[in-house]
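Enquirer: Generate the whole structure from the sequences, applying the supplied hints.
Given next are the chains, with one letter for each unit.
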Amino acid sequence: MTLSQPVNIVSSRFGLENSFTLDTYLKTGGYKGLRKALSMDPEQVTQQVLTANLLGRGGAGFEAGRKWSMLKPNPVRYLVVNGDESEPATFKDHYLIEKDPHQLIEGTLIAAYANQVNQAFIYIRGEFALGLERVQQALNEAYDYGAVGRNILGSQFSIDIVVHPGAGAYICGEETALIESLEGKRGFPRIKPPYFPAVIGLYGEPTIVNNVETVSNLPWIINNGGSSFASYGKGRSTGTRLFALSGRVRQPGFYELEMHTNTFRDLIYAPLLGGGIPHGNELTAFIPGGASSPWFGPDHLDLALDQDEVAKAGSMLGSGSVIVMDSTTCPVRASWRLVRFFARESCGQCTPCREGSGWLEKIMSRIEQGRGREEDLELLLDVSDNISPSLSWPPQQTTICVLGPSIPPSILSALQLFRDSFLLHIKEGACPYG
Amino acid sequence: MARFSDENLAIATQIISLYPQSRSALVPLCHLAQSQDGWLTPDAMENIAELLGLQAAEVLGTASFYDMLHTEPVGKYLIGICTNIACMLNGAQEVLEYAEESLGISVGNTTEDNLFTLEETECLADCGKAPCLQVNYRFFGPISNEDFDELITNLKSGSLGSQIPDHGTINRVLRKQGLAVSMSEISSQRAEADKQIAKRKAAQAALDASQKGEGK
Ligand SMILES: Cc1cc2nc3c(=O)[nH]c(=O)nc-3n(C[C@H](O)[C@H](O)[C@H](O)COP(=O)(O)O)c2cc1C
Ligand code: SF4
Ligand code: FES
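Chains as they are written, first to last, in our numbering: chain A, 1 to 434; chain B, 435 to 650.
Bear in mind the hints are in silico, worked out from the structure with no lab data behind them. A portion of the hints provided could be inaccurate.
Per the computed footprint, the stretches of chain A lying under chain B, defined by three or more beta-carbons under 8 Å from a beta-carbon of chain B, are [said to hold, decoys possible]: (1) 30-43; (2) 118-130; (3) 168-176; (4) 250-261.
Remember, it's a predicted structure, so these values are computed and weren't measured experimentally. C-beta: ideal position from N, C-alpha, C; glycine also.
Expert: Below, the structure written as structure tokens:
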């Protein structure tokens, strides 16, 4: 297999000692992108991001530049950077936060300048204690250096950044729940419309919400130009992504790869990347984009790491997290564990999600424990259909946010791939995987 | 002591000043209270409510939504073992069972000496090091049974020292200063910037129109 040349856009400092300090950051070109951005008009900065075609890295993959262009003109507006990372098997933002906090701050400043916001918040998952310390430390350094605060780097532009800790709730990663949480409330998602953050966001004011990795790309884009960024990848999938690889692989970890150019097989098997499956076992399935995305079987291994191609094949690249299962993995158990996660994390506002996720968990749990009933597979479909009618892809939404509707496609894909295994659990009351 | 100490009250006041609306400080203040007392006491919630102009019930109602905010006492060390998918695929259930057995408690409980509370957690975003766990939100992984024993021994002997502060402290780096620019000053700067942007847009539109006109 031929791998594309490594490209390091967001992870270039990961290998350096003390990669998180201002000293290291300045020695490696830090804050040059901000300086350049400040010499441009805000609209020109947005134009570069549009040219780069930077897709949001938080899950939905919406073009960052287009989102910015949609920000409602208003005397007060805000920027919130989403560092709540809690999607199962997603762990890229964790390291972007810990290893390169200045890159995150510089990116935040560039986005704040382009959108001329009044204040910026970096919301960090509460469980990232080291990350919170690193970002606060970096922010203190950046204030001293003059990169944040009043008349940044000698320009007319001033802005304050505040680091805000979460406190443990997956749903707060959803952008409107994130905003509620930042307002000091329970993390209940708001209904869209009318609550599109770009129109009615934080404190009711227009707000940009961008993911940590999205924002971390900005210094490079401004330094090198949007068209250089767009020269990596293909079609709409430009630049790189920090893929998080986990599960049954020899070398789990995060790998920054050019979009589109490599395949899932490359990521999982290349000696310098995943290195294959332990003990030379067979891969039985993989999840291409975080726990909310439908599973693929081995026949999809040669699919490109490309947002649109994965979507066309019936799943999503989502948060860029790839989970590998092998012949030691009980698919029923894996699928049950994911359902239990969603049932636990459902915020409870919408009946189909709150009740449906609990039902699905109960049914999956009894199948997994060998107490399943013949009619349970039908029942799974029926309950799923009540959460997301017609079970289509992408799922139909009857709820306030997409947490609920994203549960059925994951279970149904497991059921499709491993029907025999489900039936064996039900008929024999036993798990062949022990 | 469960109300904020003088020192923490000063920190609380600074935190509140960072937000356009004071209620935003609710969760950060709950963390601050936990760092002082190890958990979120009724007195602390009362104190936070006073500072934010809320009812104590509103603080409790919000705090109870969040897994990290503990309205009951927990041990000095909160051990959270992830059993979500990547960890599960790599033996997390076995680690959890081993932990229960070796600490002599089941998930959700605290040892009699109040040293350890055991929790089963959802994905901790360190799946590359599966199976992994956190002690007071500091990461360890991958973890074998032997690693777990060693960790417990070290925690008991205190040899991990400041690497793991007592439960409740998540961020030991204080913000050095309040806001550098007042919110009203920023608002007037932005209004000025908006005017300039509108002017540039109008000029560009005029230029485009005249070029179009020439092209005819
Ligand atoms: C249930 C749920 C959880 C989410 N969790 C996260 C998260 O942890 N981090 C994140 O950046 N986006 C998360 N998102 C996506 C956000 O709603 C939002 O689309 C994203 O932060 C926008 O940033 P981007 O455009 O830069 O990707 C989540 C969405 C849903 C529905
Ligand atoms: S879909 Fe589920 S998580 Fe989303 S708002 Fe409704 S109940 Fe809450
Ligand atoms: S699944 Fe355990 S840390 Fe992510």
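Enquirer: Look at each hint and say if it fits the structure.
Expert: Here is what the structure says about each hint:
no.: 1; hint: 30-43; verdict: holds (count 3)
no.: 2; hint: 118-130; verdict: holds (count 8)
no.: 3; hint: 168-176; verdict: holds (count 3)
no.: 4; hint: 250-261; verdict: holds (count 3)
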